[in-house]
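Asker: Chain by chain, the residues run as shown.
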Amino acid sequence: MFRLLEESGFSRVRSAVVPRFRFRKAATQDAAEAYGVKAVLMTALKPTAP
Amino acid sequence: MTGVAESQAPLEAVLKDEIIRMYQEVAEQPEGTFHFYHGREAAELFGYSAEWLDRAPAGAVASFAGVGNPHERSQLKPGETVLDLGSGAGLDAIIASWQVGPDGRVIGVDLNPAMCVKAQAHVAATGMQMECREGGMENIPLPDASVDVVISNGVINLSFRKRRVLQEIFRVLRPGGRMSITDIVSAKQLSQSIVNDPKLWAS
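Residue numbers (the numbering used here), protein chains in the order written: chain A, 1 to 50; chain B, 1 to 203.
None of these hints come from the bench; they were simulated from the model.
A few of these clues could be false.
[Stated by the list, open to error] Using 25 Å as the maximum straight-line C-alpha spacing, the simulated BS3-like pairs for lysine-lysine come out as follows:
1. Lys77(B) to Lys38(A)
2. Lys25(A) to Lys38(A)
3. Lys188(B) to Lys16(B)
4. Lys25(A) to Lys188(B)
5. Lys162(B) to Lys188(B)
6. Lys188(B) to Lys38(A)
7. Lys16(B) to Lys162(B)
8. Lys25(A) to Lys16(B)
9. Lys77(B) to Lys25(A)
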């Protein structure tokens, strides 16, 4: 997603992991961890000039 | 739509129905148990202030199904126009409306017209206003360069066409505008069995 944001024209792309995110069901959380699934907070700016 | 996206079009239609069904279920039966945390429990987990959650209508809080807190970095200012992409039952739109104030504007976009009705009612109950438009995030029903800030919470991951969604966010933002979104990302390519399962994808 980070790369897609930059390729879409955004600048100052920043991301931080949402530390307390997890799935409620243990099986879903286990599968998510196996795939490196995490929640992130992303911010980005649309430049004023192209 | 071309290539892979085109081949996934039938699945995308099924997925859209599943997303509408699942999040409507969260809104109508918030006492239920889902794969994800929701309601006040989730909002508190992600740092939403108790003051916000006490002040917002109980229905909006109970139906919250976000994955983080986009307000943490949104830095909304009075008078700004905010788009809440995938506005659901309206908790994030309510919080945004408090921050932009009466001179600002909050616009929600949601796939499900019933959720738009619910979100607008929740916002109105706080004395604020919100416009909600039925639509998909791949074709945001707003003109170019029409909003200052886009917020979104746990929605973009649901799309098969994330590049298109981000291009749409870029299009509707004014030059100098910004986005603050929380969402789910994966470090590895999901297996085809997950991609092909609308219930897993929607959760």
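Asker: Hint by hint, note whether the structure agrees.
Answerer: A quick look at each hint next to the structure:
1. Lys77(B) to Lys38(A): violated (29 Å)
2. Lys25(A) to Lys38(A): Judged against 25 Å, a Cα distance of about 15 Å means the pair holds.
3. Lys188(B) to Lys16(B): holds (23 Å)
4. Lys25(A) to Lys188(B): Status holds; Cα separation ~21 Å.
5. Lys162(B) to Lys188(B): Distance of about 16 Å is within 25 Å: holds.
6. Lys188(B) to Lys38(A): Within the cut-off at roughly 11 Å; holds.
7. Lys16(B) to Lys162(B): Roughly 14 Å between the alpha carbons, so the hint for Lys16(B) and Lys162(B) holds.
8. Lys25(A) to Lys16(B): holds (23 Å)
9. Lys77(B) to Lys25(A): violated (38 Å)
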